[in-house]
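Colleague: The primary structure of each chain is shown beneath.
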Amino acid sequence: AQSVSQHNHHVILSEAASLELGCNYSYGGTVNLFWYVQYPGQHLQLLLKYFSGDPLVKGIKGFEAEFIKSKFSFNLRKPSVQWSDTAEYFCAVNALNFGNEKLTFGTGTRLTIIP
Amino acid sequence: NAGVMQNPRHLVRRRGQEARLRCSPMKGHSHVYWYRQLPEEGLKFMVYLQKENIIDESGMPKERFSAEFPKEGPSILRIQQVVRGDSAAYFCASSPQDRGSNTEAFFGQGTRLTVV
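Residue numbers (our numbering), protein chains in the order written: chain A, 1 to 115; chain B, 1 to 116.
The following block holds chain A by itself, in its conformation from the complex (with noise of 0.2 Å):
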């Protein structure tokens, strides 16, 4: 069975830092990866998704992804973090076995920007 983990439970950065939030998965095989944001309050939104193809992803809001195979990581990144950015963030893996493709959440990282 797959796996997800996000080592980063809390994250604070002062807005324009650089956001580095790190997820790995385990599951040998296929896989399709995603990155969800959680406003305060608000249901789940996608931030970006890996399916195949080139390996680093850009999202929404200036969010980009890194898939790095060989590390079975799938790091969140943004260059210059906003105060609105605050938010959960959740990494997912879906593990394609075709039939019973149920998504697998990581614990989710809290990102608190300061103004």
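Keep in mind the hints are simulated off the structure, nothing from the lab.
One thing to keep in mind: the hints can contain errors.
Unchecked claim - Which stretches of chain A does chain B cover? Using the computed rule of at least three CB atoms under 8 Å from a CB of chain B, they are:
id, stretch
1, 14-20
2, 37-49
What the hints assert, rightly or not - Which residues of chain B face chain A? A partial, calculated answer using Cβ under 7 Å:
id, residue
3, G42
4, L43
5, F45
6, Y48
7, N53
8, D56
9, E104
10, A105
11, F107
12, G110
Please read all numbers here as calculations on a predicted model, not as lab measurements.
Virtual Cβ for every residue (Gly too), placed ideally from N, Cα, C.
Position chain B relative to chain A; hints supplied.
Modeller: Frame of chain A, contents of chain B only:
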């Protein structure tokens, strides 16, 4: 195209009562997933359903919890004899039929269950 609709948004139940959470998937989506988010924790998978079928219920507690996705109508997550530990946000997600062809799941706004 309306998104994933969950209702109610907030539900308060006394210990021992039943809670029914509803999820209407996006139009054209026949796969539904339920997740639970406990305070200060991530999302935990509960159950994955297709129309009239439970595909994976490995995340469902063995007792008191059940889920269905009938041919007509919304998916229902039912919690019998609720206890304080059931207090959480319950999220539903849906995806299209061709799940294997690289599509993402879309989430509803969740139902926040409070057991008093």
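Colleague: So, for every hint listed, does it hold in this structure?
Modeller: Structure-based check of all given hints:
Coverage of the stretch 14-20 of chain A by chain B is violated in this model, with 0 residues showing a Cβ closer than 8 Å to a Cβ of that chain against a need of three. Check on the stretch 37-49 of chain A: 6 of its residues sit with their Cβ under 8 Å from a Cβ of chain B, so the three-residue criterion for coverage holds. Hint on B:G42 holds. Least Cβ distance to chain A is approximately 4 Å, under the 7 Å limit. A cut of 7 Å between beta carbons decides the hint on B:L43: the least distance to chain A is about 4 Å, and the hint holds.
Evaluation of the B:F45 hint against chain A yields a held restraint, the C-beta minimum of about 5 Å falling below 7 Å. At about 5 Å, the closest approach between the beta carbon of B:Y48 and any beta carbon in chain A falls short of 7 Å, and the interface hint on this residue holds. Checking B:N53 against chain A: minimum C-beta separation of about 11 Å lies over 7 Å; hint violated. Interface restraint check: B:D56 against chain A, minimum CB-CB distance 5 Å, threshold 7 Å, status holds.
Interface hint status for B:E104: upheld, as the beta-carbon distance to the closest one in chain A is roughly 6 Å, under 7 Å. Taking 7 Å as the C-beta contact cut-off toward chain A, the hint placing B:A105 at the interface holds, the least distance being around 6 Å. Interface restraint check for B:F107: the shortest CB-CB distance to chain A comes to about 4 Å, inside 7 Å, so the restraint holds. Annotation: interface hint on B:G110 holds; nearest CB of chain A at approximately 6 Å, less than 7 Å.
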